[in-house]
Amino acid sequence: NAGVTQTPKFRVLKTGQSMTLLCAQDMNHEYMYWYRQDPGMGLRLIHYSVGEGTTAKGEVPDGYNVSRLKKQNFLLGLESAAPSQTSVYFCASSYRVLAGVETQYFGPGTRLLVL
Amino acid sequence: QKEVEQDPGPLSVPEGAIVSLNCTYSNSAFQYFMWYRQYSRKGPELLMYTYSSGNKEDGRFTAQVDKSSKYISLFIRDSQPSDSATYLCALDLEYGNKLVFGAGTILRVKS
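First to last, the protein sequences are chains A and B. Here the first sequence stands for residues 890 to 1004, where the numbers follow this note's numbering. Here the second sequence stands for residues 2 to 112, where the numbers follow this note's numbering.
Worth flagging that the hints you see were computed from the coordinates, not collected in a lab. Glycine included, every Cβ here is placed at the ideal spot set by N, Cα and C. Fair warning: there could be bad hints in the mix.
As the list claims (entries may be wrong) - For lysine to aspartate or glutamate, the following EDC-like pairs were computed, each having C-alpha atoms within a straight-line distance of at most 16 Å:
| # | chain 1 | residue 1 | chain 2 | residue 2 |
| --- | --- | --- | --- | --- |
| 1 | B | Lys111 | B | Asp79 |
| 2 | B | Lys3 | B | Asp93 |
| 3 | B | Lys43 | A | Glu948 |
| 4 | B | Lys43 | B | Asp79 |
| 5 | B | Lys3 | A | Glu948 |
| 6 | B | Lys68 | B | Glu16 |
| 7 | A | Lys960 | A | Asp915 |
| 8 | B | Lys57 | B | Asp67 |
| 9 | B | Lys99 | A | Glu948 |
| 10 | B | Lys99 | B | Glu16 |
| 11 | A | Lys959 | A | Glu948 |
| 12 | B | Lys3 | A | Glu941 |
| 13 | B | Lys3 | A | Glu991 |
| 14 | B | Lys99 | A | Asp915 |
What the hints assert, rightly or not - Just the calculated beta-carbon pair ranges, DEER-fashion:
| # | chain 1 | residue 1 | chain 2 | residue 2 | range |
| --- | --- | --- | --- | --- | --- |
| 15 | B | Gly60 | A | Asn890 | 40 to 48 Å |
| 16 | B | Pro15 | A | Lys898 | 31 to 39 Å |
| 17 | A | Asn890 | B | Ala30 | 33 to 41 Å |
As the list claims (entries may be wrong) - One side of the interface only, derived from the structure: several residues of chain B facing chain A at Cβ under 8 Å:
| # | residue |
| --- | --- |
| 18 | Pro9 |
| 19 | Gly10 |
| 20 | Glu46 |
| 21 | Leu47 |
| 22 | Tyr72 |
| 23 | Leu100 |
| 24 | Gly103 |
| 25 | Gly105 |
Produce the complete structure using the sequences and hints provided.
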């Protein structure tokens, strides 16, 4: 049981290049999330998905697109990278809950540097 | 004004000290309050959660919520070097599926 995995671990891009970050989970979770973490800003939600084939915008969605074609995978795309997208990106997943708190399980992160 | 404010630290304490970590928030509609721990170059992991006002204890950790003051705390007793990490508070309006995080406080416990 690997939990949440992210690919790649580290990447350097030039301004204007595109890339896709892959998140995979083997816990059969309904919900998946993409966050970015910047110094002094904490974790900010980019996009999330409440099930296969569905996506929704979070707090900072501009410049990113996502897809959830399979329940276990959640892809984050940068079509034209900008230096402001230099960050550490975390994927997370959780069960759907009707009440109470359900743990979000995080991946190890992808460090992205845009020059 | 951010929805959730958290002092980034770093907070440096000697081994065995009692640590107090805090967050304040502005939206009185938040219902669920969580603390995540994040070791260097790792993803966050859930440490504790509480619902509504009051205290919750788990071993050396106590989470406290004061909804009237919009203030939450995490206390660590008998702190250990292995507690050195960044601690993030996270709040949610509904069911823990869409969290608002504080910026995180860096804690360093010196042996």
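*Restraint status (C-alpha distance of Lys43/B to Glu948/A at most 16 Å)*: 22 Å, violated
*Is Lys99/B within 16 Å of Glu948/A, Cα to Cα?*
10 Å, holds
*Is Lys111/B close enough to Asp79/B, meaning Cα to Cα at most 16 Å?*
12 Å, holds
*Against chain A, run the beta carbon of Leu47/B and see if the smallest gap drops under 8 Å.*
5 Å, holds
*Holds or violated: are the alpha carbons of Lys3/B and Glu991/A at most 16 Å from each other?*
Given that 16 Å is the threshold and the Cα spacing comes to 24 Å, the pair is violated.
_Satisfaction of hint between Glu16/B and Lys99/B, Cα-Cα up to 16 Å_ = 35 Å, violated
*Hinted pair Lys57/B and Asp67/B, Cα distance within 16 Å*: Within the cut-off at roughly 12 Å; holds.
_Taking 33 to 41 Å as the stated bounds, is the beta-carbon spacing between Asn890/A and Ala30/B within them?_
36 Å, holds
_Quick check on the hint: Gly10/B CB to chain A CB, less than 8 Å?_
11 Å, violated
*For Pro15/B and Lys898/A, compare the CB-CB distance with the range 31 to 39 Å and indicate the outcome.*
This hint holds: roughly 35 Å between Cβ atoms.
*Below or equal to 16 Å on CA atoms is what counts here, so check Lys3/B against Glu948/A.*
12 Å, holds
*Identify whether the interface hint at Glu46/B stands, where standing means a beta carbon of chain A within less than 8 Å of its own.*
7 Å, holds
The earlier numbered hints that this structure contradicts are 3, 4, 6, 10, 11, 12, 13, 14, 15, 19, 22.
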